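Please work from the sequences and hints to get the whole structure.
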Amino acid sequence: MNYWLMKTEPSVYGIDDLARSRKKTDHWDGIRNYQVRNMLRDDMQKGDLALFYHSSCPEPGIVGIVEIVRQAYPDHTAFDPKSKYFDDKSDPNNPRWLMVDVRLKKRFKRIISLKAMRSNPALTGMRILAKGNRLSITPVSAQQWQSIVDMLA
DNA sequence: GCCAACGTTGGC
DNA sequence: GCCAACGTTGGC
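Residue numbers for the first sequence, in the numbering used here: 233 to 385.
Just to be clear, a hint being listed does not mean it is correct.
Per label pair, the in silico range of CB-to-CB distance [as the list claims (entries may be wrong)]:
| no. | residue 1 | residue 2 | range |
| --- | --- | --- | --- |
| 1 | Phe-318 | Ala-385 | 41 to 47 Å |
| 2 | Pro-353 | Asp-323 | 24 to 30 Å |
| 3 | Asp-319 | Ala-348 | 35 to 41 Å |
| 4 | Arg-254 | Asn-325 | 28 to 34 Å |
| 5 | Met-233 | Lys-314 | 21 to 27 Å |
| 6 | Leu-361 | Tyr-245 | 21 to 27 Å |
| 7 | Arg-339 | Ser-288 | 29 to 35 Å |
| 8 | Met-233 | Glu-291 | 38 to 44 Å |
| 9 | Ala-348 | Asp-312 | 22 to 28 Å |
Calculated directly from the structure, the hints in this document are not laboratory data.
Predicted model, so just to flag it, every value in this text is computed and none were measured.
Backbone N, C-alpha and C fix where the C-beta goes; we use that ideal spot for every residue, glycine too.
In structure tokens, the structure reads:
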């Protein structure tokens, strides 16, 4: 059982969208980075938990918790020429890109802002806080996870 | 809108 | 395989 942090732009797809979807479950498409794909494929398991992070918005930060409810499977948007995630080099017989399904578990009453995270010494070393980090999904240690949960209190 | 940082591409 | 050029990300 692993912990993760998953980034998304709320103007594209935010926690409100997930909350509105059927059974509060949706697929996480559009991953087009090999490092992230490999983590998804090799390390992410059904039952894992992830922090839901809003980026590129007025107040970046963690807004909730999701559970991985389906392991990695082909990202169909790569095969759709009308999708902005279309990739003509992804062969349906040997898909290049993968996605998982997530279910909303908890929606925080207030955001744990990026600012608050930076000012918490227990979170030093979190990948999301590292300079130049560009991965949309990053691993979170059990200790970091607990520190985040503690910040809710 | 700026810009630092990093990934990807493609010529050689 | 190197590396310059380009594209993207994301906080500010």
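Against the structure, the hints:
1. The supplied range of 41 to 47 Å is met by Phe-318 and Ala-385, whose beta-carbon atoms lie about 44 Å from each other.
2. For Pro-353 paired with Asp-323, a C-beta distance near 47 Å fails the hint of 24 to 30 Å.
3. Roughly 37 Å separates the CB atoms of Asp-319 and Ala-348, a value that falls within the hinted 35 to 41 Å.
4. As the Cβ distance of Arg-254 to Asn-325 is approximately 30 Å, the hint placing it in 28 to 34 Å holds.
5. Our hint of 21 to 27 Å for Met-233 and Lys-314 is violated, since their Cβ atoms are close to 37 Å apart.
6. Separation of Leu-361 from Tyr-245 is about 23 Å and conforms to the stated range, judged on CB atoms against 21 to 27 Å.
7. As the Cβ distance of Arg-339 to Ser-288 is approximately 20 Å, the hint placing it in 29 to 35 Å is violated.
8. At roughly 30 Å, the beta-carbon separation of Met-233 and Glu-291 lies outside the given 38 to 44 Å, and the hint is violated.
9. Remark: the range hint 22 to 28 Å for Ala-348 to Asp-312 is contradicted by a beta-carbon distance near 38 Å.
The earlier numbered hints that this structure contradicts are 2, 5, 7, 8, 9.
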